[in-house]
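*Asks:* Listed below are the residues making up each chain.
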Amino acid sequence: MKLLVCVSKVPDTTTKINFTDNDTKFNTDGVQWIMNPTDEWYALVKAMELKEKNGGTVTVVNVGNGENDPIIRKALAIGADDAVRIDAEEKDSFYVAAQIAEFAKDKGYDLILTGKETINYNGFNVGGMLAELLDQPFVTLATSLEVEGEKATLTREIEGGEEKLEVNLPFVVSAQKGMAEARIPNMRGIMAARKKPLEVIPAADVEALTEVKSYDKPKGRGEVTLIDPENVEELVDKLHNEAKAI
Amino acid sequence: MSILVYAESFEGKIKKQGKEAVAYAAAMGDATALVLGTADESELSALGKLGVSKVLHVNDERLNAQDSKAYTKAIAEVANQINAEVIVMSFNSTGKAVAPRLSARLKAGLVSGASDLPDTSDGFVVKKGSFSGKGFAFYKITTDKKIITINPNSFPVKEEEGSASVEAVSVDLADSDFGIKVVSRDLVKGGIPLPEAELVVSAGRGLKGPENWGMIEEMAEILGAATACSRPVSDVDWRPHHEHVGQTGITISPNLYIAVAISGAIQHLAGVSSSKTIVVINNDSEAPFFKHADYGIVGDAFEVVPKLNEALKKFKESNN
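Protein sequences, first through last, are from chains A and B.
Numbered per this note's numbering, the first sequence spans residues 1 to 246.
Numbered per this note's numbering, the second sequence spans residues 1 to 320.
Bound conformation, chain B alone:
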């Protein structure tokens, strides 16, 4: 089975989600990685550590900004050049824009947001989350060519010794293949992008005001976690929208999700229920979130969180 995996880069570096996609594709079989846009040479060959022996590089700086039309043409051309039967991408903002286009262009069945490797014992069946975290659907892809986008944090990245050969490939891209002009980019300074974070500390309306977020940020800093919030908090602008997790916000699947003063409405759970471990801190013992948590503390956030921060600090100091 010939597999092409798109290893997404940003400002020259392969993104964490791109590495996850490469590790996933390598676990499926003989995979070739593809990088679009300018990238650091060392980053390309280092993909060999994730299990691919070959990296194809379309070194065209116009591809530094994600344009789904141009990306689709580039990936489809390379996929055809190497007769790829399966294309793997990340289920992130790029994968969500590009994979559906590729599917339509190549008439290749697409399963987006896969949470596991495909089961090939009877056809090609891919598991994905559905019903906003309340179910899983097992999709059979019935076409010869197949596309999978994988959920962030659903596949471990283990780096081993290895180096991949890097080959430059050219794709015939005309100006008419680019439909989008990126005027500016506003990135959160410092911190960890929420969709990529393995640890997330989140808080809700129970914190009473944006001035009380210091202890949440402190916990995130101690743990090396990203910060998140519930919908009402972003609606009243206590925290920015890009921190809002839930049905209308971002869906995340970190290893650890700590929810402080969030009751756990079904819309919130839709965005966080696939977290591997959930900790809930709430002074209402009847909060529905406790039914969906692994660990819970019934108590006042303003008393519990500072104590927990001290305990986490001590733990970090003794484990470093």
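One chain only, chain A, in its complex shape:
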């Protein structure tokens, strides 16, 4: 199987979020960067499992500048065979998807995997856009995936439950919890990753469809109103009369 995994670089989950330049830019000072969790834990590890079972290769693709290389090397340390970085500044999700589609269109990948969303933009966009640009089926929010020959069996989450699906290769899938168990790279993997190929290719000429004008932070909830555990009726009263929640 020829597998492609799209990985993104994001601020670590626990990073404090601040904005700069009159709230028009994300403040990167002191930010710890990581591989997007669902890309790493579910999409990449599932690709490794499929390769171990069915044979083949796992390529990692990322859109970004040289500062993304440590993230890409981590993906190689987890076990990907090689990597491609499309040398461009991420503009929006369509820009990223179009770059990856341009790279992938004539390579004959059997399956392209992404995480369900990035934890900075929370868009859920790249996988679906990529599928459309490549004219392939797309399964989102997938919680399991098995491949037999040309046919894949998946489960995906829907509101209030899940569906079991069959899809023929090739297709694009966005993965979430349940798909695979996260792996930690071992020393052998880290050493091997240094020697694995990381190709840098120029960006295609693509226009973004959106731009971020500004950022804001949610208004704090203010101080919590503590209620005496012996007087839960007060909570019921406040939920009804003050919060209008019940």
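Please keep in mind that the hints were generated in silico from the structure rather than gathered at the bench.
Please note: incorrect hints may appear among the correct ones.
Unchecked claim - Derived CB-CB ranges, DEER-like:
#1 A/P70 x B/S42: 56 to 64 Å
#2 A/D237 x B/N83: 50 to 58 Å
#3 A/E207 x B/G29: 23 to 31 Å
#4 B/P156 x A/R188: 51 to 59 Å
#5 B/D116 x A/R221: 16 to 24 Å
#6 B/V182 x A/R221: 38 to 46 Å
#7 A/E207 x B/S2: 19 to 27 Å
#8 B/K208 x A/H240: 26 to 34 Å
#9 B/D116 x A/E146: 54 to 62 Å
#10 B/D235 x A/Q32: 20 to 28 Å
#11 A/E207 x B/G224: 46 to 54 Å
#12 A/A203 x B/E77: 26 to 34 Å
#13 A/K25 x B/E77: 36 to 44 Å
Note that the Cβ used here is the ideal one computed from N, Cα and C, for glycine as well.
With chain A fixed as given, assemble chain B onto it according to the hints.
*Replies:* Structure of chain B alone, referenced to chain A:
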């Protein structure tokens, strides 16, 4: 501004999120609703109560199962037929699969998970949550055609008198437009689907075991709420994964979120911080969740929850 809104249906009925999308689109301007697959005739014209005067219906039973490829072709064709400038969908499992494809097909800028109506005073700017609930981004869509998916529970549905005209439209769908075969569907029996719930009662590891969930289910039943849980609880299979809210689970934005014995790790907050009112019940007064709550009770869940259930029952009885 011509707006097309996809009113999602399931087993013939328009879903709550579909109604929210219709109300949102109607608040923006002159909107036409689109329903795909078989649907009850009365459900279609009733969309007029939400502010649309016209409903287009592609009555093709192959569309009863969500296939992002076929849906994209159908919605794009109808959007082109009526020269829609804006397409509105729900930010749910269907919107997450279909809206990005539509965006790529129509070269229409997409903002997914909008939490407010667009601001058109200077271009077309849409607010959405970002950084897993720690920020908002204001996106300007720079293309002529625009797509918005809206967050569940972010737009109120008010039904008024009205009835929409229903028109059947046909879309040329070939078998090759369908790439996905749904083999089976496993839905939670009874209860309210978590992503659609306005009230959610959730519990964490502090409840010590799945056998102690009865009082949480009881509270959910009294309130007409959905039940949820934290990640460690679903990881050890005390509760099913589809109840897990948080960064790796489901993101929800109910009117009320009651968290019992959950400490409030940042990954959990990422999934619930946009809840309108948050109540935290925890015996650890230092639990970080109290900093993100509107109301808190420091106390033992096993003592507080049964008492609260009694108080809620009395409240419900006297208010019915």
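*Asks:* Against this structure, judge whether each hint is valid.
*Replies:* Right, here's what the structure says about each hint:
1. A/P70 x B/S42: 56 to 64 Å: About 58 Å separates the Cβ atoms of A/P70 and B/S42, which means 56 to 64 Å holds.
2. A/D237 x B/N83: 50 to 58 Å: 53 Å, holds
3. A/E207 x B/G29: 23 to 31 Å: 27 Å, holds
4. B/P156 x A/R188: 51 to 59 Å: At roughly 56 Å between Cβ atoms, A/R188 and B/P156 fall inside 51 to 59 Å, so the hint holds.
5. B/D116 x A/R221: 16 to 24 Å: Holds, at about 19 Å.
6. B/V182 x A/R221: 38 to 46 Å: 41 Å, holds
7. A/E207 x B/S2: 19 to 27 Å: 23 Å, holds
8. B/K208 x A/H240: 26 to 34 Å: 31 Å, holds
9. B/D116 x A/E146: 54 to 62 Å: 41 Å, violated
10. B/D235 x A/Q32: 20 to 28 Å: Holds, since B/D235 and A/Q32 (Cβ atoms, about 24 Å apart) stay within the stated range.
11. A/E207 x B/G224: 46 to 54 Å: 48 Å, holds
12. A/A203 x B/E77: 26 to 34 Å: 32 Å, holds
13. A/K25 x B/E77: 36 to 44 Å: 39 Å, holds
Hint 9 from the list above is the single one not met by this structure.
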